[in-house]
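K.L.:
Listed below, chain by chain, are the residues.
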Amino acid sequence: DAGVIQSPRHEVTEMGQEVTLRCKPISGHDYLFWYRQTMMRGLELLIYFNNNVPIDDSGMPEDRFSAKMPNASFSTLKIQPSEPRDSAVYFCASRGTANTGELFFGEGSRLTVL
Amino acid sequence: EDQVTQSPEALRLQEGESSSLNCSYTVSGLRGLFWYRQDPGKGPEFLFTLYSAGEEKEKERLKATLTKKESFLHITAPKPEDSATYLCAVQAWGGFKTIFGAGTRLFVKA
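From first to last, the protein sequence lines are chains F and B.
Each residue of the first sequence is one higher than the last, beginning at 1 in this note's numbering.
Each residue of the second sequence is one higher than the last, beginning at 1 in this note's numbering.
If you are wondering where the hints come from, they were derived from the structure by calculation, not from laboratory data.
The structure displayed is predicted, hence computed values, not measured ones.
Backbone N, C-alpha and C define an ideal beta-carbon position, used for all residues, glycine too.
Derived contacts from chain B toward chain F, CB cut-off under 7 Å, selection only: (1) Gly-32; (2) Gly-43; (3) Pro-44; (4) Phe-46; (5) Thr-49; (6) Gln-91; (7) Phe-96; (8) Lys-97; (9) Phe-100; (10) Ala-102.
Isolated chain F (complex conformation) (with noise of 0.2 Å):
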């Protein structure tokens, strides 16, 4: 199995401009997530889906944030308008329900706000 993988792997913008982060999980997996990582908070969940359902998005920090599982094999989470303090790494992550409940993570799309 490729793992999960994600894209872009590095996104520059400009504050305002509109972001969309890619992730495809791990065939099988029913359950997806969104972290953030920063060195200020370190890994933030924002959002996860379980069966392309969205079950807990408390921790989307604010209305610009949003998030789609249209199928079981891909994810989008999107930014609008983008600002500087949203440049993080965004990391996607599956699992599925029978395993012992680790998550496979993919290597990020570190994302630069200017």
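Place chain B on chain F using the hints.
P.N.:
Chain B only, in chain F's frame:
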């Protein structure tokens, strides 16, 4: 609110110098406690899951232990390739929300 605190923030060891990393947690009903390793520029990689107090898991030079309030990651005779950030995380009953600590950055010098 569920919380995870790791100490120390950073740890510098000489090759072969054994030590322990600490993870203190507060959770409303522990479903599982997890240890991950993260290398620079990479996503966290799963190491262990612990479910109940008294449980221990081992993998090569690493051993994880769990009590009702904290977990330790013991590193025996570390090598430079063990240098990484080690993250502790907890999951409570009632959902699959996994909360991470800030991590301990480990540096092992040859």
